[in-house]
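Colleague: These are the residues of each chain, in order.
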Amino acid sequence: MDRHIVHISVPSFPIQMEVRRLPRLKGWPLAVVPNMGKRAIIQAVSLEALRSGIRKGMLLSVAQKLCRDLEVLPYDERYYRSGSEEVFAVACKMSPIAEPVNLGKVFADLSFAARDARRLVDICWRTVNDLHNSIGISPALGLASNKLVSMIAARLASENDLCQVAGGDEKKFLQPLSAHHLPVVDRKVWRRLWLMGLRLIGSIACFEAADLALLFGRSGVRLHEQANGIDFTPVLPAKKSSGRVFGEILVPDTNDVEVIRARVCRLAESAGMELRANRLQALRLSLAIEYADARQAEHSHKLSRRSSADADLKDSAVKLLAATLRRRVSVRVITLGVPEVVPAAVQLDLFPQPLAEKHQRIEKAIEVIRGRFGVEAIGYAPLRQSAVRLSI
Amino acid sequence: MFRHLSVRSFYSFGCGTASVERLCARAKALGCTEIALTDVNGLYAIGWFFKACEDNGLTPIVGVEVRHPSGPCRAVLLPFTRQGYSHLCHIISARHLEENFSLAEAITRWREGLVIISDTFALLAAIAGRGGRANLYVELRPGRSRSEAMAFSRTSGIPPIVTNDVHFLERDDYALHLKLRAIHLKKTVKTLEGDHVASPEAWLKSAKQMQEEFASYPEALANTERVAAICASFRLEFSRPIFPQFTGADGRSADEVLRDIATTTAQRKYCGSPAVMERLEKELEIITRKGFAHTFLVMRDIVKKSEHTCGRGSAAASLVSHVLEITDVDPISCDLYFGRFLNDARTDPPDIDMDFCRDERRPIIDAVFTQYGEANAAMVANHNCMGMRQAIRRLAELEGLPQSEIALVTRLFSGWGGNIADFCATHPRFRGVKLSDKWPMILKDAEQLVGIPSHLSLHPGGVVIAPDGIDNYIPRQRSKNGLIAIQTEKDQTEDFLKFVKFDILGNTSLCVLRDCLCAIEKDCGVRLQYRDWRRSAADAKTRALIATARTMGCFHIESASFLQLLEKIGPGLKSAGPQKVFDVLVILSSIIRPASNDNIKEFLRRFFGGPFTYLHPKLEPILAETLGLPVYQEHVNLMAMALAGFSEVEADQLRKALTAKKSEKLIRTLIQKYVAGCRHNGVPEEVAQTTARQILQFVHYSFLKAHSASYVILALACTYLKAHYPALFMAARLSHPGGFWSFRAYLSECTRLGLRVLMPDVNNSRVECTGRDDWVRIGLMAIKGVRQQTKNKIVAEREKNGRFVSFADFLRRVPVEDDEMEQLIMAGLFDRIEPQLHQGAMHYLYSHWVGLGKPAPMDWYSEQRQRACRACQPYGEKEKLHNEIEVFGTLVSRHPLAQCQATLSRLRRVMAKDLHRHAGKMVTLAGWPITSKEVTTRQEEPMEFWAFEDESGVFHAVLFPRAYQKFCRLLVGERPLLISGMVQQEYGAVTLNVVNISKFPELANQGKQEAVA
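Residue numbers (our numbering), protein chains in the order written: chain V, 1 to 392; chain L, 10001 to 11013.
Excised from the complex, chain L in its bound form (with noise of 0.2 Å):
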């Protein structure tokens, strides 16, 4: 029977149609017992492959096309041995990787254990003269002429092989094979060449379709089914984990000088207590037992090279972690349950994920890359997928669309859920709006190409590290940013691979804390420990900010919706003491989760003293620290053990199906048999059921307790320090973009600390923002259109040379773009040391420079300046603000609001300050909006939550569902609005019902053109 030896998924980028799930599906409804996936250049989707092989009943056959980077060659390669393998591997590597890569070369050097197939003669003919004619093939495929094929088969005496090339599923699927061609090689469908894509009927056939169209060529045939049957015999396995060795300086065991380190650490720091000796000993023996100490050893050597990182994850469940300072959360103190890190039945190797300050990332990654080895150390991939607004914008282009005009379709999409044509009939944003005569097909046709991979990125942070060189397993390529990748996603490195996943994240919170203790120890001499969360949480100042919900700019803590959580039970928290505030905030920060309003009210209710009782009276121990409700992952686990019964086995695996966002099958079964187990352990259906109903919320989104204590202990810190030193911490959160809140929002936090903004001056600025007293400077950084070159080069001059004495001076000392000059000028670097002199003429006197040919001696200067200041006019006040918006991208010299200073001072408003005096009111303020979030309501109907400004503070509206259809509109793009609404208090949290929004009379005409647009 025929066996398809030649088809591409949609993981050949740009080529395939067709998900290998879908593929293998066909196949088997096709009568097919093997199938090849041969997708371009790569195996993308290797482990998929496998699996939905498993699920369908069909035996995999491995492969690759590897097409040469220019010309028309290209070559099928089947491995079928492990060293086959082995060699495609390196084939694809080198593929990507070599400058001047040659196909037959590659072939001939890594040739042992693969089958060649290829239709390029020249390329058969290179490889049969270099290493003779075994398992070479001549290729008859859809598109090609076959008595050709047939005539060089028989001169060369390379045997005939029948494939169908397939590139899709369907005969039908031929035009979305095209549009995917053409949207990936940048033409249109109509000005593809023969050479861009496959035959028309390369999709996937029938054994019998295919016996009758080659039925002329039975040998070919024959060929087909003897290569397959090699090909299906070899069986690929990554059976055990894949880590680098740690290899101790004296020869012990990586087990030994594991358990030396810990023992020896938790002795010093618990003092040799028997509970921590024993929970220690309990870790050490699961980790010797699945063979992970080199994995621990190799983290801490990983950690060690930065002094400012945040273990988190569910490696901060474990003593073990802690002890070898890869986490800081305590888990004796914070009581962590150390079986949703590790456990016996747990296969897949444990997951420590690793913050480092988000600019040291990358050096550490080069170090580790440099200590194993190039080829023995590689980051993890991402697939990119199309979504709809991509898959929209990339069908309108291939229309011809002007991107006016797709922006401002795709702009209407944001948000979008499930069926494109109901979304745009019935969500309010496409009221009113008449798409053009393309547009209905586009939008059709997106739907079609939604979750297709579009192309190959890089994992925030995984880097995998294998001993014996990468290629013995995956391909590795090149990515944009110059790292080499493997080509293989998280779930594939992890679950098929058995790669063990070294996760190496940037964090920008952690810069900020890093520059602002620096900053500290600079100017005020005192070197701080962030570690050290009791002191913090002790702090008086710092508590006062978390009870009063001020700590904007706190890592973690600072978000629109906690802040208002933070408002709510900001009171309770006021005499509380450190170890509360610490467990509060942990709660907290797991606590907020989509859907969950419900609980959290629950949870204010009881946390101020409403009556609750526990479900069952074996919740009590488990749920007491929230107040019986189930709020991290971890209880999960332990409501499952405790109520029906499960083993720590199962109740993990109940666990990692919500959280892992498993098959809806999975978790329906595992409930029931949650359902069953609490039934045969005597606990009442009702609490079964609710319970059960209860664990289900954790589908959408849930932290574990060990997650969110690490991540409490630096918004402690990120607190600490905002309490303490407000002007060198709102710098360093300024000089590091990244936060929750705009670079215009903190400068509003700023005022509102009582700190003076300063603007950047060429004496007195640095690269990043400074502060110090009761100011802050803005930074070089923040001025856009200047290269990072420049700005560094402008400090260094001046820290070399001193200080500049004059705008001359300036143009003498720092060579610069002119364009980047008429930025420097605009944002006012150079208006201090040359108050005489405005912007106008600085901009005259630096042409007329340039005109000169830039001279050394500056004769002309003091004429030419005296000219300049009667000729040239200074900048009204509009043109100032105009300036600033262009060089900032923002205001920052006053707020934003200052624009409508006409209408603000005739208006009637209520400042964001004052709001919760008007409780039950209908009241009407200015805002400014910062941030917002869509929500669907129960019923499917979308509103939002919005966070505007005005000069006194931040509030929160909340529009729904009616509002919303009103006014989500207005709500596009920056602009100040005037919001009228029901002022609603709940516990003390004030938020505005929008009943109405409407523009500022002074931007009424700009804001109805935008609109209309």
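Chain V extracted, bound-state conformation (with noise of 0.2 Å):
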């Protein structure tokens, strides 16, 4: 049977939130950044600020020189993610099988149709309507046989539009398109196959596979399926993830580690209280750093044993930041990870353990205070100490 996937994409779709929020804004030049510091990086811009040279990834300070009526919005990641849930199921009202992408980005299988050709159009303007009228967003969709057309087709389409490929004209439409479009071109891959004069997918799907095998490496074979157009990945349904991320933005940027190291014990803090909440335990931590100069750096470890609490948490987290900092560059953002976890042991201790139930009425004390009054509330002792450094 034929394979129909759609890419459902909404261009800017932080800016788009935003505009949502407050309609005022539409037609304004607009920027949104992680955090409102002068070295902030840029991360969506809406056309107006497009126009005036502004691009995602710059400086804030830069791009508020080049236009001075630049509004500028803080990310507001929890919004966005609920709007995001919101394209989803709109998504998953046109097909069973859809599966989210990012914020924003939604594929779905509407192979069920692919009988009526003109059912399967009509699916996907009503999705763009409905997208449009009860969200108040403008998707770009596109229409292939297969994820990887459907995706670039997508952007292509301009906001509220769709952009159909036929089954069987994959190549011919990938064909005068750049090669960057391509997801397995990385900078890497680019530079070699612009010194090599192959700019368009089309002069790639030229080549052999084996051809290109010699010429990427493992790289090559894929860059041979994805320029002639060929993709057999499904549509997968939406998994939960059970992974947990904590990750906090340093205002300002900071290379004292005290101060980060007692950043990443609130963090591994606050690890221990969800995970607590939701009956979990800690297999394995991870650690991510981006310094000021966006370089980053990142580690993990497994954890001796599985654990929730906040002492075991912290050990490790202390350890993992002692084996990632390693530079003096201020840090700018850290994320603190639990890639895996399982539901909490329920097994009795054989012995009485006096000193782990003594940390775990603390743990349950502190929970029940910051509850009540919030999370600054209450803290272990270097916490507070860092806290009023900080606030200095």
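Don't take each hint at face value.
[To be verified] Below, computed lysine-lysine pairings styled on BS3-like, alpha-carbon distance capped at 30 Å:
no.: 1; chain 1: L; residue 1: K10444; chain 2: V; residue 2: K65
no.: 2; chain 1: V; residue 1: K56; chain 2: L; residue 2: K10878
no.: 3; chain 1: L; residue 1: K10187; chain 2: L; residue 2: K10205
no.: 4; chain 1: V; residue 1: K319; chain 2: L; residue 2: K10187
no.: 5; chain 1: V; residue 1: K105; chain 2: V; residue 2: K93
no.: 6; chain 1: V; residue 1: K188; chain 2: L; residue 2: K10880
no.: 7; chain 1: L; residue 1: K10878; chain 2: V; residue 2: K171
no.: 8; chain 1: L; residue 1: K10541; chain 2: L; residue 2: K10618
no.: 9; chain 1: L; residue 1: K10187; chain 2: L; residue 2: K10444
no.: 10; chain 1: L; residue 1: K10784; chain 2: V; residue 2: K188
no.: 11; chain 1: L; residue 1: K10878; chain 2: L; residue 2: K10999
To be clear, the hints were calculated from the coordinates, so they are not data collected in a lab. Here the structure is a predicted model, which means the values were calculated and not measured.
The two chains are supplied separately, each in an independent frame; assemble them into the complex guided by the hints.
Modeller: Given below as structure tokens:
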């Protein structure tokens, strides 16, 4: 049976969500940044801002000088996530098989309507209207026989539009496009393609898979498939991730190890609270650091025993920090991940563990206080000190 | 009374915070009579320390804290005999030079004459075990357990001693100490560990404070006094110059050999002229009396090691130097003043500066080291101190700021001088710049770091030789490039240690000259002598180049300001004789110096026949050649002797005070003495004051005639070669970066000379650039990202096994790295052997070949070649330009303004070559910035001189303060600009007085982003 995959993509999703929240912003040059410091990096820009020369990834301070009227909005991940869930809900109405990819981006498998081409298009247009009328955002849709082509088609479609690629026309559709549209083409591959004068997908498609494998190693085979519009990956229904991620943006950036250590411990406490609330235990921790110059470092390690206790998590997180923090450049973002969790063990201890019980009681008491008076209301002594330092 | 026996200055790199001058002044204020300086692992500041002690009436105690390369083992070593000092130097040299250095073994070996103080118990026990407890002390210092030290002292029987382990001057300087340590160890202040830093109490306390603090240890205090007394009684002195002994083959003395060679050569050269022989005799007498015959003969030996040299500096005024062929200038015909080089009162050894081809310098230094022995020769060091930009950079790194942000701010500080807060508040570059929160503190702290030594480097050419071993005088250590250097810089080396320094300097223009002469001999069969300046100056073509200011590429007379001056004076040189051309060039190369605009204008006026009178009749014979204006350093000596009645010695003192930038106080005193002398000799007050002002202008910067004359000989040789062999000369010039102008500017000069610039080619390019007839071919050297070894390999393979016939042939014969191959293809190296194959296809073929595992038989080649040509797209014009910039760092096939063809075709602009036709008019030019010089006006306002270039030539522009304020931020980085202004003409030279600068519309957006950034 022929496959029909639609890709729903909301261009500049954070910007569209902000305009939806505050319609007066429509038509203004807008930029969304994760934090409001001068060295913040722009995450999304509106069309008007693009016209002023502002680009995604640019420093906010530079952007503000390029466009004095630029409206800067903070990155509100929770709000965007809820919006993305709304988009996903609409996609689920189209098809029982829908796969969320990223914020405002969803694949849906419409193969069930394969026999009626007109119905397919109707479904897509209805979805466009639904999203536009009920949620207030303007998506771009791509309809093709596989995920790859539908994604590229959606990228080429304008807002509230559908770009359809008929089955069998994939190669023809891709031929005149620049090679950087292919997901396999990262910076390194693009440089080599550029040097060889293989800038269009069509030029790449001329080569045999074996030739491309010679030129690009493992990527070569994927490059051959993608250049020929071949993608057999199925649309996978949403699967709830079991892992947890806790992040914090440091304002201002700092290279003060005490402050960074305190923040990592705070994240470990948050992780502990959430794990305990969900009766889960961590098997592994990961710590990612983004420096002020955008370089990143990441380490992870397996806990010596599954745990959700603050002391264990903090101890591991601090060890991870020592392994990860190797430069003097200030740190901007810390992300503590708990990639592997398991349900909390219900096995009771054979012998009394007075110290562990004492810690548990303290943790519970802290949770109660935080529940009533907020997270900042109470903390471990070193954290309080660091908080004071930060406020200075 | 307590004496400080363990004190570090900021010459303990990254440890101490105070200069030796401040330490000594503070010690005097605290009532000390003696003070030790024990810098870490070195005697870097020994000369400054003795001088500071002398200025403050203190008795110096020499010492060093030797730290083991690994681990916390340390000891303070204080010599109390001359032998002890020599041993100390041996220990430090061993610490720096020996791979498996052991502090205990070194101290045991060279223990005689040294007091050893340490709180490393294992070290003390080891030393005591091997050589007894004499002069061995257990150190009680802040931050360490005193009870443990005392317990060890009691059990081992080694007496205790008190030090304060001084690292900084005041208690408050501790923060600065921490920052220095963090910078030095590349950590943050918070991540410094206990062993990394001194105790917060390690500051220079008074004797009373120390006695109160250590009142419980009277024995230790008494030991401190006793050791201080022993060490202070040792007076270290270097009274005699240190230089190698020349040993003649026949056992004659150096004086005899020198006299013999000099007299024989002079008689041959000057046909026994009595005047010449009299001068030679006078010079030889002084040289013999001073005992410097060895120095001259050794220098002659060194000079003989190379065919292409240029003796310069004051030595060029010596007839002995000339007849020994150390220098080229004839001091008789040039009337050079010998007293500037050597006179009876001069106690410091003569300074002979020799230029060698830059690429021959290292082999010559190696040969000197081999000849005199590794232990007897060493380079002179340079103490690199932190400037404002470095200080800002280091502190900003400490605060964790990213490099991009640091670069944005430090770039604004180019040309900084004076108070940093004033600079930020007043300089136009800071207008509208908002610095983030961390910056005010960084900038404030940076002022404290400015002037603190950061690391040791090498003097450009200074070599010292001690016949009995350098380690008897000063420690040595290895530099990054492997050469061994002493720990002091040139002033301490010459003035305090009394080493005779041989300057073996590198000169790029000598390489240009050498390569060009070789190419002429090879291609044209002509062997030229570059030292024959009369032939060059008499040559019409050479004179024409000089008179029309087309000397770009010619050593010493190619700078932007020199070209402008030549434009002005050129008409007067067209019909001049060789001697006049030579003399004028010598004057011009000396008269161009900072703050001498008025002097230059006045000289030009007089040169073109303007009337003038000498300020005093006695000045006429002195200043006749420079039309009544003092130009050379020698003029200071001669004027002081003629008008103020100074003796030769006093006059030279005045000259030295001015040119060596001695203290303002000394200069003022000598000038007052000069004015008083003039009055005494009946010189009118006005003349005395005017000449005193003229003399004071030499404070900034000045040349001596002998030095200028030496360089003008080279300059004339270069100009002669440029006039007669332009392709060969420009090829040699392009091959040796380091001239005044950029590679790009020299390429434009090639075009202006009518030469075709050919791109690199695998079968025709050599590593260096080559030229012939009407073309210059860019060499492989210009291709970035390719190792020198690979470039040599390509040429060697071609010369050995013949020309490459195809791209595949090259792949088979020359192994290169992948990234190098990318660059070679983009440089167009194979475009001629594979005209059917575009560069994209070549990249494909290479990658395919690599993918196949680089097989030797190339069966696949023809098949894949067809496919590559079909599938790969050839590069567009823009992509080619992009590649060129990536490979060569600039556009080489065409002028950079070609990028803006769209605007240029619409624009009504004046070309640089036609600028003189628009004198007095407002015009607009398109220009590519090539060089600039920022200066300040008398009102201390910044302004800037710029040289821009378009397709037709170079034009000079000046941004007066108002224009500078408006446009200085546009003139950052290389980009084409539209420059409007009023054309001003002076003596035929045209300058653009800038009123507006704008960017090209094509690059407006890019420029906007850069400017904002």
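Colleague: Which of the listed hints are not met by the structure?
Modeller: Hint 8 is the one this structure does not satisfy, whereas the remaining hints hold.
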